[in-house]
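Chain order of the listed sequences is A and B.
Quick note, the first sequence lines up with residues 1 to 353 if you use this note's numbering.
Quick note, the second sequence lines up with residues 1001 to 1299 if you use this note's numbering.
Fair warning: there could be bad hints in the mix.
Unchecked claim - Not close to chain A: a few residues of chain B, all C-beta gaps over 10 Å, as computed: (1) Ala-1116; (2) Val-1144; (3) Trp-1285.
Claimed, not checked - Derived list of chain B stretches under chain A, where covered just means 3 residues or more per stretch with a C-beta under 8 Å from a C-beta of chain A: (4) 1048-1055; (5) 1089-1097; (6) 1100-1111; (7) 1262-1270.
Hints listed in this document are in silico derivations from the structure and should not be mistaken for laboratory results.
Bear in mind that the values here come from a model prediction, so they are computed numbers and not experimental data.
Glycine included, every Cβ here is placed at the ideal spot set by N, Cα and C.
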Amino acid sequence: MTARAPGSRLAGWLPFAGAALLLLVVAPLVLSDFRLNLLGKFLCFAILALGLDLVWGYTGMLSLGQGVFFGLGGYAMAMYLKLEASQGELPDFMSWSGLSALPWFWKPFAHAWFAIPMAILIPGALAGAVGYLLTRSRIRGAYFSLITQALALIFTILFIGQQPYTGGTNGITNLTTLFGFSLGDPRTQKVLYLITAVTLGVTYLLLRRVTASRFGRLLIAIRDGENRVRFCGYNPVAVKALAFAVGGALAGLAGALFVPQVGIISPAMMGVVPSIEMVVWVALGGRGTLTGAVLGALLVNLAKTYLSESFPGAWTFGLGLLFVLVVVYLPDGLVGLVRRVGLMGKSGEEGLA
Amino acid sequence: MELLLLQGFNALSVGSVLLLIALGLAFTFGLMGVINMAHGEMIMAGAYVTYVLQLAFTKYLPGAKGAYFLVALPAAFLVAGLLGLLMERLLVRHLYGRPLDTLLATWGVSLMLQQAARTIFGAPNVQVVSPPWLNGGLKVLGAVLPYKRLFILALAVLCVVGISLYLTRTAGGRRIRAVMQSRPMAACMGIATSRVDALTFALGSGLAGVAGAALTLLGPVGPATGTYYIVDAFLVVILGGVGQLLGTVVAALGIGAFNVAFELGSSASIGKVLVLLAIIVFLQWKPSGLFALRTRALD
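Just chain B, with the same shape it has in the complex (with noise of 0.2 Å):
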């Protein structure tokens, strides 16, 4: 029973993690059909921004240091969302509907950024101290569930429920969805279709920022994060279906199911290359994810 518990929370923990790291991607791949490679870097600006503001809070405000948490979420979300603005005005706008250029272009975008954070940081890697009311667990029949964990898991279903809202229920998000379903429709009815474009970069782009805050508190930061994570969210948003908020999601959790059983069956690294070929084997079937758009376009 004890066991069963700690893996099926291991499975949602592994699935929360996916989850959060693909949600900017389901933005930006899934809705704009842009193949982001710096995805990856978006994500390691979002853990480096917890990295600083952790370093400073110790250093200025040593009273309330357990509080740069809280600050580092949003912030990374702004930085991370200045860079993606700021890379889709001056790049990827000008690569729209040649999905192999951007994906080359982008890398390009990845390297300089992996680059730069070599060049500020230094090349080897630094460790966030995680927030100290962050530290512990939960206990659950015997079982005990890191606060950590818990914290992003609760992040994932935060953002989740954040974005289906903002999507259904506000005009921005409305905007957003009419522009990717008919963008000749929507710049009819008058909607400023490249500042559409621009924001949802944007958005995605912070997502991957949030999720980079989040991620140190698993592990240490890098200049080469992005990269450890990038083809990992990309399976997730192709096995969920492209341009599918709720294939994500259960795209997410199923990858992180198979992963924990897996890796009881196995070793870890084994357990992932199963993972993995259970996910190509999978697009043999269904080659658009679980959750397709019905379409006759041919092309």
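Isolated chain A, as found in the complex (with noise of 0.2 Å):
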């Protein structure tokens, strides 16, 4: 699935700097302000699609939870954003909860160089512990999901029940500024859109590296044969809790990237639903190749925008029949169908972008 012929190395690039030509130069001069940040929610989405796939696609623990994730850099980012917009007040939410004073855990939020990175490590150190917790307990296939699964659960209710603290479940709004530039502006928009797009490239060529690397190739053998690679002298606990890591954290930056451009984080994108839904778009895209991942991310996004808006009632019917139809006759996603009708000539891995 990722072995690579040596000579395409270069054609491979191709295709990839196509994209970000595409992304980085032809959106932001073609697309209207909306299109845009419609476009930058979505790549958000594509680099948390990144994550999953690292996790479920390459080391076959397929998260139920990873809005938990998402949602936790969102929130560590919206934190930051509601504190710079309340200059100093106690944030609106809190005052009709009751509350008089700023809770401790959230006066580090107000410094950038505090909020940003923790968007990040929290919860990549929440999937770093959950990771090595299950799978220290030998929990996985089905088992591994379900309890993840709960987990979202989990933090749903807590945050919903905290709602002094969180917003509850209205989530935080009202966000204004980031550092002084106006979340309205069409400009600092853009800008957000284009660290996204850059984000996201990076993303990519890192997860290729390590995918192709003797550690992609561990992540592939637990995949297949988890005890296997045991008797082969490795730790598979410590490799899958980092690749867990790994994902959580990816979610994590793309739920920071996230809230600015949309300007709320609630736990209703958080919760046990939209954590599946991530899960749709890595499977419709094609799980254990990151093209996919990204593709699949874009594009059921872009059809729900669009079909949910014309049919609401249709698509959520029509999003399950795809799913239901995906998974039987199309285990491998999209870039299965593409390579299997032969479309993609050379390896898939670098097809597209």
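Assemble the dimeric complex from its two separately framed chains, guided by the hints.
Dropping the structure here:
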């Protein structure tokens, strides 16, 4: 799946360069501010999908709790933005819920140098800890999935229940500025879009290096036969925990980039259902290929936005049906289909970006 | 004393609800290893069947409108069971041995069923009027135990006894156990394993339907009813030990007790979070649940 012919190396860069050109130059020129903002949002999802693909497609751990890590990253960022928007006062939802002083764990989030790294480190550390605990007691396969799903439920309940500290069901809203730049300004949004696009590109390239490396081989080996890897003298626990931590950190990064572009983070974005939807992106695009994850995230969200506007009911129905059909007939997703049809003549990994 | 009795009853009641929603999963997940994410929608289907029957009875048989509930329980079993049968034959059958794919595909089915419910019954929740003979409660030592809760408790007991009798004393139940324990051996003995699979899945789904009918006593029904219960149901089965009916019963009652105890000590949401955390921590210690089959198998 990841084997690459040596000669295709240079040619493999062409589609990537093309995609980069399209996203960095053509899209900002052609698309309206609204559409560009939407695309920026999808690119955040694509970053998350890359992380999920590393966890599921490469290492075989189907995480149904990826929304938690996305949410934690988003909340860390939103806490910073909220404190900036409140300008030294108590954030509005806290005073509504009867709090008189800023809780201690909110205080450090007033600083960007703390909040932004934490948006990646907290989800990464949580994912690492959960991954370590679960794989250490050899919980895997469907059990792993169901427990990560319970995690998504735990965090949703917790964030909804702790209204004074998290904003409850409404989440954190009314974010106005980032480093003093107005979030409503199209120019700020354009810069945020470009940052997201570059981050996606860098993540993609890094993960391509990782998956092609010895470590990447180890991930695939664990997916296909964990016990054999163990008997060969490797320690799958550490490797799986690390992979899960990277997936969680990427989800957190995606959340942190998502919040300033969308202006809200709420428990509805980190619960059980959105977490499964994230799996849909990767499954539809093609698990085990990085391009598939990115494509899946973009295509599903594009379809969701446009179809759910015109046919809200039919969309949910269609999504369900699509999912059933993909799982039964296209286990390797769109990338697998394209590869099977033979349109992607060379090795598939570098096909599109 | 009163408080203790009331809380004890509460724990039992929460446990019996959990048991009812998890019993069907004990079949589909516990015995067959199928991760049926549409299990919650089978519960929802049972609840909507009850709703429809209640409307029909008030309209056409106003004299006997309290009796709708007695019709609703078997009707919910049949409708949800048929849905399950359909699902097994059309979809799940093709995915045996690929548990994660089953999980994803059945989630797709659950989305479609939810949307179907939204289209037919509308997005807002509907309230089922409970039969009048279940209103009120039993006075014991100064505490009032609602009849509805007692009914659910009795129903759960009835279901567990019925299932264990079916699995141990009837030819059909023995066939199910034979196939689950050793499929090739059962096939050699002339058991039509594929038919047993379909039957088991239908039974599990039917039980979910019964749970749905019973749950209408406690609250409104909506298209998202299923998603509310699915995680709990899976945790009960995992905690109990997959394939162990006794484990499912103990796990459901245990979670019910802890739930009530934690909620007393904190708020409702924190209590729920603590319960879920406790389950995950417990699985660290016993990864295969309370009552695990000893096995030397590696994969």
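Here is how each hint holds up against the structure:
1. Once the 10 Å rule is applied to beta carbons, Ala-1116 (chain B) is inconsistent with being away from chain A; the minimum gap is 8 Å.
2. With a least CB separation of 28 Å from chain A, Val-1144 (chain B) remains clear of the 10 Å interface cut-off, as annotated.
3. For Trp-1285 (chain B), the non-interface assignment is contradicted: its Cβ lies about 8 Å from the closest Cβ of chain A, within the 10 Å cut-off.
4. Against chain A, the stretch 1048-1055 of chain B contributes 0 residues with a C-beta closer than 8 Å to a partner C-beta. That does not satisfy the three-residue criterion, and the hint is violated.
5. Only residues whose beta carbon comes within less than 8 Å of a beta carbon in chain A count, and the stretch 1089-1097 of chain B has 3; three or more means the coverage holds.
6. Counting residues of the stretch 1100-1111 of chain B whose CB falls under 8 Å from any CB of chain A gives 10; the rule of at least 3 is met.
7. Counting residues of the stretch 1262-1270 of chain B whose C-beta sits closer than 8 Å to any C-beta of chain A gives 4, which meets the bar of three, so the coverage hint holds.
In this structure, the earlier hints numbered 1, 3, 4 are contradicted, and the remaining ones agree with it.
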